[in-house]
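Protein sequences, first through last, are from chains E and L. The first sequence runs 1 to 396 under my numbering. The second sequence runs 1 to 266 under my numbering.
The hints are all genuine.
Beyond 12 angstroms from chain E on every Cβ pair, some chain L residues (computed):
{"id": "1", "residue": "Lys14"}
{"id": "2", "residue": "Glu30"}
{"id": "3", "residue": "Val85"}
{"id": "4", "residue": "Lys86"}
{"id": "5", "residue": "Ala226"}
{"id": "6", "residue": "Lys252"}
{"id": "7", "residue": "Lys262"}
Computed cross-link-like contacts, DSSO-like style, restricted to lysine-lysine with a CA-CA straight-line distance of at most 30 angstroms:
{"id": "8", "chain 1": "L", "residue 1": "Lys119", "chain 2": "L", "residue 2": "Lys205"}
{"id": "9", "chain 1": "E", "residue 1": "Lys5", "chain 2": "L", "residue 2": "Lys166"}
{"id": "10", "chain 1": "E", "residue 1": "Lys265", "chain 2": "L", "residue 2": "Lys108"}
None of these hints come from the bench; they were simulated from the model. A virtual CB, placed ideally from N, CA and C, is assigned to each residue, including glycine.
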Amino acid sequence: MKYPKNGRFGEFGGKYIPETLVPAIEELEENYLKFKNDKKFKNELDYYLKVYAGRPTPLYYAKNLSEKIGGAKIYLKREDLLHGGAHKINNTLGQALLAKKMSKKRIIAETGAGQHGVATAMACAALGMKAEVYMGYRDTIRQKQNVFRMNMLGCEVYPVKSGSKTLKDAINEAIRDWITNVENTYYLLGSAVGPHPYPVMVRDFQSVIGNEIKSQMKKINNRAPDTVIACVGGGSNAIGTFYPLVDTNSEIIGVEAAGHGLKSKMHSATLSAGTKGVLHGMMTYLLQDKEGQVTETHSISAGLDYPGVGPEHSYYKDTKRIKYHAATDTEVIEAFLTLTRTEGIIPALESSHAIAEAMKVARKSKKSESIVVTLSGRGDKDIEEVQNYLNKHVKN
Amino acid sequence: MSRIKEKFAELEAKNQKALISYIMVGFTNEKATISIIRGLVKGGIDIIELGFPFSDPLADGSVIQNASTISLKKGTKIAMFFSLVKKIRKETDIPLILMTYTNILYHKGYAKFIAEAKKSGIDGFILPDMSVEESKEYLQAAKNNADTIFLISPNTSKQRIQKISKTSSGFLYLVAVFGTTGVKTGIKKYTIDAIKQVKKQTKGKIPIGVGFGVSTPEDVKKYIKAGADAVIIGSAYLKLIEKTSKNQLEMKIASFTKSLKKQTIL
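Okay, chain E solo, but in the shape it has when bound (with noise of 0.2 angstroms):
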């Protein structure tokens, strides 16, 4: 789907949002279109992509890990190369310029693991701009070196104690500081959620890794990957990653949170588990008890702990063009060792999902075929969890 027609993938995502933020989204979208067909937009944001944040990523053939299985061939689409550690820079460098080009003085957001916040107070300083942004007092404890990360980068983090004081709580608090800062303030949304147009803005913005994987995959292979798999919380990684390949061969698969089960209740598998509602703004499969209130989730990694996904995802999943499977935090923490001690790579716990997925794929496949996977993030914010995690489960 191009560009969704009045902002819906099928039936999922449109606009539901307070009257006061109609017009900053009209903005927004008026200001998306014109600039994102801008070549000098392209070439400067290309610039900064290239030269700042460190692409293109390469496509790692992990041997040592296909080897152990024995299956098919897994390659590693390397965003933890990216300045900051995750691909989340590709998202804020090109919505930072964005906010520059509309004179916006003031930038907020949200994060979930603490690595949009870190990627928007680097895209923001970068650029000459100031950001300031909402993140789970749940997060920010188990994520405080990257609250520690923000403030260095100049950058104000405000702790929010609402409700599950998680990612969705974050972004409930920015949207309200956008409501009542609307006239001078940009709100840089890190996923692939929200109101129309951030879906799309969103996924164009990270389409960059699917469109890479492409051509670096036809250079090896001259043809699409069999099968391409990525994590998804809110979906920005896996979204800017299939985005590209929809229209090809390749089986997609991403990967949500199965927590401690899916029926545990302890898990943020939205897709796998959820029912259709409207949250921040969007239309969307979403984690909701039978009152439609929406439940609180569970994951071991911060930024896959999310009761809702991006509506393009919730498109593909009832197109059935993307299988959407899921990784218990047993499996995760699994792949997470495996892939560290084989390849001396540290994947971030939410790419870890992937890597998880990957496994199970590559043991059921050909050694002709070939799985891409992307790596959205490093792991080096996640050691502390791993080791509370491996100590917890010593003892038991």
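Got chain E sorted already, so can you dock chain L onto it with the hints?
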């Protein structure tokens, strides 16, 4: 004619403006809600907005957020809400408006939810995250069943005011300030300008209610002087409810309501 329209006609005949209160059901519990309603009615309230809690109230400030959380923790459910409305209906004929977020209606199905709400005695709906662009199915379900009250903001364009006022019934809800509910900012010039602009665009075809940050008799007086047909008070009520003991609730609510209502009698 709907109860809301009748109420505005009745008030006009008496040369009065409407006082509308917002309270959160189940805050602090179901029994308290009944006492509060009795107090409101005694105090001379014209219309009551019943807030139904949602897990993610993104247009609300801390007071209503907190009330939503408490209400949900106390176990407020849709079925309980409808039976509460039926109980209230046995005591009063005052127009009752349900204010909540889109997902509560969407999840149950607009038609099903609205039909049940009407049956229990609800006269209209306010959904702060429902934009006119997304409202087709909602409007169809509400048609001939309930009034659909949409919001207008001080930054809404003239064209949009036209569009929204045509989509609304009952009254138009003008958000007084840039911000969430319950934030006290004092009366801004842009709000007064917005009231005048909305009046000009709607030419008296639909009443205009002003809400968000309205909390005192002085606020009520000033907004009515600027041309508002109704004023809506929410967070100020919730703050009063929070600090009042149960046996005083009805009396205190009644006297606060009286002090506000006085300002709407011209």
